[in-house]
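> Sequence:
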Amino acid sequence: MTIIPHYKYERNSPNIYANSFYIISKETNINKFDNKEQDIVIRMIHACGIIEIVDNIEFGYDFSNIAYKAIINGAHILCDTEMVSLGIIRNRLSNNKVICTLNDHNVKYLSKSIINTRSAASIYLWKKKIYRSIVVIGNAPTALFHLLELINDGWAHPYAIIGTPVGFVGAIESKEALANNLFNIPYVIVRGRMGGSAIAASIINALSIKNL
Numbered sequence: 001m002t003i004i005p006h007y008k009y010e011r012n013s014p015n016i017y018a019n020s021f022y023i024i025s026k027e028t029n030i031n032k033f034d035n036k037e038q039d040i041v042i043r044m045i046h047a048c049g050i051i052e053i054v055d056n057i058e059f060g061y062d063f064s065n066i067a068y069k070a071i072i073n074g075a076h077i078l079c080d081t082e083m084v085s086l087g088i089i090r091n092r093l094s095n096n097k098v099i100c101t102l103n104d105h106n107v108k109y110l111s112k113s114i115i116n117t118r119s120a121a122s123i124y125l126w127k128k129k130i131y132r133s134i135v136v137i138g139n140a141p142t143a144l145f146h147l148l149e150l151i152n153d154g155w156a157h158p159y160a161i162i163g164t165p166v167g168f169v170g171a172i173e174s175k176e177a178l179a180n181n182l183f184n185i186p187y188v189i190v191r192g193r194m195g196g197s198a199i200a201a202s203i204i205n206a207l208s209i210k211n212l
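155 is the number that my numbering gives to position 155 of the sequence shown; each next residue is one higher, with no gaps.
Quick caveat, the hints were computed from the structure, so don't treat them as lab data.
Predicted, not measured: the structure shown is a model, and the values here were computed from it.
Possibly wrong hints are sitting among the right ones.
Claimed, not checked - Below, a list of computed lysine-lysine pairs in the DSSO-like style, where the Cα atoms sit at most 30 Å apart:
| id | residue 1 | residue 2 |
| --- | --- | --- |
| 1 | K97 | K128 |
| 2 | K69 | K112 |
| 3 | K112 | K129 |
Just need the whole structure built from these sequences, with the hints factored in.
Put into structure tokens, the structure is as follows:
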């Protein structure tokens with residue numbers, strides 16, 4: 001006779017979140033970050049399950065304060081992928097419009113014309129939206145590189161840039177370029193190869209909590 005196993009596990013969502021954040025706080029030294037940054041860092045770790053990522057997280061130019069104010073004032077949120085967009089919890093936002101242009105019908109042709117990836121080409125469709133926005137790039141290094149190129153060429157500046165592209169080709173270098181951007185644009189990055197859409201979305205979700 002087959003014995004059907006029964007598992008003992010936490011079923012209460014608030015308890016799961018609370019216990020997760022407690023474990024992260026207990027196992028991670030986040031004292032080098034200020035209070036607002038700490039809340040963001042905890043949620044970044046929660047999104048990926050990797051405690052060690054804390055050593056690679058870097059904030060620049062008062063990112064947490066500026067991005068938080070932009071969120072509560074309704075800034076557009078521009079995302080490089082649908083995965084990032086779908087990871088953002090809408091009911092926490094202050095009527096912010098979350099925009100991803102990757103699947104726009106023009107992107108295929110733009111990609112061919114600029115001889116670059118679709119992710120990079122989709123950035124062109126942000127030109128009228130980028131001023132005083134928050135940019136969230138969680139997947140494609142080419143998108144981050146091309147965004148910085150366009151800004152260097154005279155595009156308007158966003159309020160802040162979240163740069164957590166992941167991978168083996170261009171991820172490290174694109175995040176270094178963001179950290180060294182010429183216009184002191186506030187940023188948060190995960191240095192190295194680590195990153196991803198879930199981490200990128202978690203930063204917006206942390207910023208949009210009303211009591212941050």
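> K69 and K112: Cα distance at most 30 Å?
Given pair K69, K112 is violated - Cα atoms ~38 Å apart, limit 30 Å.
> Could you grab the alpha-carbon distance between K112 and K129 and see if it respects the 30 Å cut-off?
Status holds; Cα separation ~23 Å.
> Is it true that the CA of K97 sits at most 30 Å from the CA of K128?
14 Å, holds
Checked against the numbered hints above, the structure violates only hint 2.
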